[in-house]
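So the protein sequences, as listed, match chains A, B, C and D.
Counting from 42, one number per residue, gives the positions in the first sequence under the working numbering.
Counting from 42, one number per residue, gives the positions in the second sequence under the working numbering.
Counting from 42, one number per residue, gives the positions in the third sequence under the working numbering.
Counting from 42, one number per residue, gives the positions in the fourth sequence under the working numbering.
Bear in mind the hints are in silico, worked out from the structure with no lab data behind them.
One thing to keep in mind: the hints can contain errors.
Copies of one chain are not kept apart here, so a pair can be met inside one copy or by any two copies together.
Stated by the list, open to error - Below are the EDC-like pairs computed for lysine to aspartate or glutamate, each with C-alpha atoms no more than 16 Å apart in a straight line: (1) Lys208 with Glu232; (2) Lys369 with Asp219; (3) Lys356 with Glu102; (4) Lys359 with Glu98; (5) Lys235 with Glu212; (6) Lys191 with Glu102; (7) Lys120 with Glu73; (8) Lys47 with Asp319; (9) Lys301 with Glu102; (10) Lys194 with Glu148.
Protein chains: 4
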Amino acid sequence: MIIKLKPRTTINEISHLTEYIVSLGLSLQTIEGTSHIVINILGDTSKIDAKSFYAFECVDEVVRIQKPYPKVSKTSPQKTIVTVGQANIGDGSLTIIGGPCAIEDFESFDNIAKTLVEYNLTIMRAGVFKPRTSPYSFQGLGQEALDIIKAVKDKYNLAIVSEITDKLQFELLEPYIDVFQVGARNMQNYELLKALGNINKPVLLKRGFSNTIDEWLMSAEYILAGGNKNIILCERGIRTFDNTYTRNTLDISSIPLIKKLTHLPIIVDPSHAAGRWDLIEDLSLAAVAAGADGLLIEVHQNPQTALSDGAQSLKIEKFIELVKKCRKLKQCLDSI
Amino acid sequence: MIIKLKPRTTINEISHLTEYIVSLGLSLQTIEGTSHIVINILGDTSKIDAKSFYAFECVDEVVRIQKPYPKVSKTSPQKTIVTVGQANIGDGSLTIIGGPCAIEDFESFDNIAKTLVEYNLTIMRAGVFKPRTSPYSFQGLGQEALDIIKAVKDKYNLAIVSEITDKLQFELLEPYIDVFQVGARNMQNYELLKALGNINKPVLLKRGFSNTIDEWLMSAEYILAGGNKNIILCERGIRTFDNTYTRNTLDISSIPLIKKLTHLPIIVDPSHAAGRWDLIEDLSLAAVAAGADGLLIEVHQNPQTALSDGAQSLKIEKFIELVKKCRKLKQCLDSI
Amino acid sequence: MIIKLKPRTTINEISHLTEYIVSLGLSLQTIEGTSHIVINILGDTSKIDAKSFYAFECVDEVVRIQKPYPKVSKTSPQKTIVTVGQANIGDGSLTIIGGPCAIEDFESFDNIAKTLVEYNLTIMRAGVFKPRTSPYSFQGLGQEALDIIKAVKDKYNLAIVSEITDKLQFELLEPYIDVFQVGARNMQNYELLKALGNINKPVLLKRGFSNTIDEWLMSAEYILAGGNKNIILCERGIRTFDNTYTRNTLDISSIPLIKKLTHLPIIVDPSHAAGRWDLIEDLSLAAVAAGADGLLIEVHQNPQTALSDGAQSLKIEKFIELVKKCRKLKQCLDSI
Amino acid sequence: MIIKLKPRTTINEISHLTEYIVSLGLSLQTIEGTSHIVINILGDTSKIDAKSFYAFECVDEVVRIQKPYPKVSKTSPQKTIVTVGQANIGDGSLTIIGGPCAIEDFESFDNIAKTLVEYNLTIMRAGVFKPRTSPYSFQGLGQEALDIIKAVKDKYNLAIVSEITDKLQFELLEPYIDVFQVGARNMQNYELLKALGNINKPVLLKRGFSNTIDEWLMSAEYILAGGNKNIILCERGIRTFDNTYTRNTLDISSIPLIKKLTHLPIIVDPSHAAGRWDLIEDLSLAAVAAGADGLLIEVHQNPQTALSDGAQSLKIEKFIELVKKCRKLKQCLDSI
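Same shape as in the complex, but just chain A:
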């Protein structure tokens, strides 16, 4: 960590500051530059709050050198592979996860499940509790959805990803689902993250729509710090100044970046990024080309009557087409 001091800082102020640094168990080096004095802090600063130094009036700027997420950081070329049922996410293969935003009834859910199996897809998304912007919107079927999950899961031997929106839902969901999804709005719900750190089941951690990559990895650090290593990161678009035509902006660069910064796998959810079905295929192909370990796609039997996210759900036929194209593309990329 490097601390730049303000001009005209007194010797007295410097000694206050250095005493404080030493009291944290760190050592330091003071360098007088042309225009500023700079303090280099030596030692493990990964768990130190860089902002705390600004409380000293003489501090002009604090620059972090060590990343604040030691367990998430990539320190060797080895990648983490997260096993979900028959799929190994992060092993170089492409895992496509499909399913409805929310479970609405047995028949349509069963129908999508059948399609997945037909195309050798082994993980299904399935909303039970839905966080909705409006209190008047459909909030998910709850227990009824879980019964449907049970029936379909057993019938087709599918692994199920479902969103958990509150720590209290944990016991209810646990027997039915294989991957706990943390949604964008809950990426910094630390009570939830701590709870998921204490289990072993995989966690699919979506990036908050306005969170930096560093904040996203800090949230993953919460889960890893608790002992759970089975984390799948999921990019789903960020909020920018331009939302005229898409709900969010898919941050395609996050894919290669995440691979440089961490050993964790990354998948992409183009459905929530675009917020409209007619861009999903192009964005999926782009994500695969950029190196994503998988895709998370909303599929609905009849999007026009969907109780949520109809605008961004693919019809089953279009989803199948997407699966075929992405697989061919992956094959091609592997041979390049």
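Place chains B, C and D on chain A using the hints.
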């Protein structure tokens, strides 16, 4: 609600869409413009999900006319006044709330409380559970903090604002605090909002750092829809492209806007917006001049040793100065 | 265009407004909804300034139905193909343009040119005047660069793309270059756009780093309105809240969106989006997969000594690798 | 400047890098920390391009310690005072500048001028050339506007601020106007900035709507580097994710920040920030309370028929009210 159709939409597609609209209990009017067909939906659409129409391939754009937050909307000139202890927030007066980011020990908390009372301030902020970006940072004292609150509250007859970060903390906090604060990161934690809709105690609802004003008011609608009318909105800065010098950008325009859009009172938290103590006074004066009903300010006895938010906490002397200046300014504004 | 009126608008106010609308040569229809009165304006509103209606106090919201860029809008499935030397941009093929940020000397420029020709690339980028954030940075070689361009261009029969930063440079540049590039910072330099509307040479119009897609297309409309149809759009990343690891965020969705909204071709500049060489290959592959008509890549013989943009320039060997991979990918995509 | 190296950097790579640093006339110090090697560059780095170091593959991060705008930086408590006619901007007083977006005809311009004089306002804004998003919108009266300026200026002894959108307009505008305004879209039009650096007349430099404070000050450095010290900075709102209710977000914090970073005065333009007349008064009061040296306000005799910016223009009566209130507020603030 107005729906613009794509060019070359067929009559068949239009009848599918209009049937669906009618099935929602709404009526409509179709208008053929120079370049597009437009459908005007008539009836109460405040609880309809505008996005759902995009699932129809012929739909080009959906425009909401009615706001989706009927209970929060301002329909008469009457304002909601939220009473917290001796203060009436929203009645035209200025309410300044001060206190530390988190309670760290009895002595320093007692000391700040004493200062508040000396200056006739009747509400104190007091962190018990702290949501922190890093799992390695101080997370609040929990029960120990509550005991300190109890002692200080009784001694000085202060009302206490404290953040709730999970539904499960409700029973623990309830006996000790007077206002439940929902932090920026939890503004869309709907399970928490629903729980707070079922009580009568005031809720201080902070704007998420990347949430639009409409989303903020939708979260307030969740609480109002549950039956709790005692909501205080709190602007605390939004995330923008420029964070070189401030943590967030204080959205000063939100103050007059909120007054036009809703009957609820609005206060401003310049401490979290700026993230640095040396801008707090100027931003506080600006907020008061723009019409804020109150201020929420972080104060610490010794910011350099603060376990959290030291960089943005004011020393007690500087806080007193700010209180004096803001009060003089308010007096002046009332006379203009 | 649709105008939503405020509650409690008087009949007098409505007639003022409708008179004004009629005075613009438009007709209208007034609809009384449950909560609001709405006015539908009929007629060609593509050239009307929607914001002007807000000057009427009774106006609550104005919604544009017709796009304000009639000439740029896609009204038929036919695409514009822009011919640059031997390349046809927009005809379904992939055009890769490479070259240094700025021309620094004959030898290195000649060297890159030779490589391009070897790999059948026929368009080269070549900076003559460089807009730089700092007045103390290298500003381009000017006339000296033009002499180098002349020599290299004739030797290898290459077409040259170069940035114009001021109308006054036009006569100087015109004899030497084949495509006028309008940089991100000049996307709304309307005097420059008007000048480029009066010529026939192709214009490569970069998206401003903080401009919406609609604003970008409005700038293209300036050029088309002047009579020049040879416009190549270029996505180069937008400014978002997260710039920790990349200079800008490549807006990958803009590629399929532009294809829906306009008949003009779109290419992608991953070098400026990322601002770092080590992401360029992944972003290029993603852009090709998403359907881009071409790529614009910064290449330098020795990036470490580059006078500008060294951080984001590819070495020649890495550029060749990228060209090979993108071509294989394109071939694969064409066969899917 | 501080350079953090990647893990596993070789000695060879380090010596390449250090040789390069030395070749720039700088010295350095290498520090081995717990996890990384860090290089401190010593010497004047204010004119060095920090990004250039990223071209070295071993470089992980470059951190600037010295600001890149040496002439604009505040190195002593002394402020620059810019004299415009009878006003001294930056001397602690409040300068309010009013006038129409664009000059439309003599009579209405004369009328506003008369009002300004009546209220002892000595500077008037007056648009001659208007940069407009649409090529079909009113682009300003040009020479005709200049004749009107001449007549009104002489009659009332007013100083005139007008926007220059292209270097070529310089000779035309020069005899008529007292302050050259650089608009938000031209803040990085470096050819224009260089031209304005060569004169002595004051320049009103608006912040680009998506430019950081550092970029804004870099543009001011261009003008100062040329020798012109008469620069007035103008905050006019930045683009954020929320533009539902305002065109831009007024960055109120920029006022106290600019005062810390530079010796130049700062005024605020709430009209362009809000984009709507009904917020102007509240934002003006906030700007004055936050310490602005002045205000720039759009005023129109009849906003409903304005050829540009009618939505955000104040009627004359409302403008007078604003002037009175802001002056009372300023008096009050001076006494606090």
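Intra- versus inter-subunit Cα pairing at 16 Å for Lys194 with Glu148: within (13 Å within a copy, 57 Å between copies)
One pair to classify: Lys47 and Asp319, alpha carbons no more than 16 Å apart. Within, between, both, or neither? between (53 Å within a copy, 14 Å between copies)
Using 16 Å as the alpha carbon limit, work out where Lys235 and Glu212 are close: within a copy, between copies, both or neither. within (15 Å within a copy, 20 Å between copies)
Between copies, within a copy, both or neither: which fits Lys369 and Asp219 at Cα up to 16 Å? The answer is neither: 28 Å in one copy and 38 Å across copies each exceed 16 Å.
With 16 Å as the alpha-carbon cut-off, assign the pair Lys359 and Glu98 to within, between, both or neither. between (60 Å within a copy, 13 Å between copies)
What label fits Lys120 with Glu73 when the C-alpha limit is 16 Å: within, between, both, or neither? Result: close neither inside a copy nor across copies, 42 Å intra and 27 Å inter.
With identical chains treated as interchangeable, where does the CA-CA distance between Lys191 and Glu102 reach 16 Å or less: within a copy, between copies, both, or neither? neither (55 Å within a copy, 38 Å between copies)
At most 16 Å between C-alpha atoms: does Lys208 with Glu232 qualify within a copy, between copies, both, or neither? both (7 Å within a copy, 10 Å between copies)
16 Å Cα cut-off: does Lys356 pair with Glu102 within a copy, between copies, both or neither? neither (52 Å within a copy, 20 Å between copies)
Could you place Lys301 and Glu102 in one of the four classes (within, between, both, neither) given a Cα distance threshold of 16 Å? between (27 Å within a copy, 14 Å between copies)
The structure fails to meet hints 2, 3, 6 and 7 from the earlier list, while all remaining hints are met.
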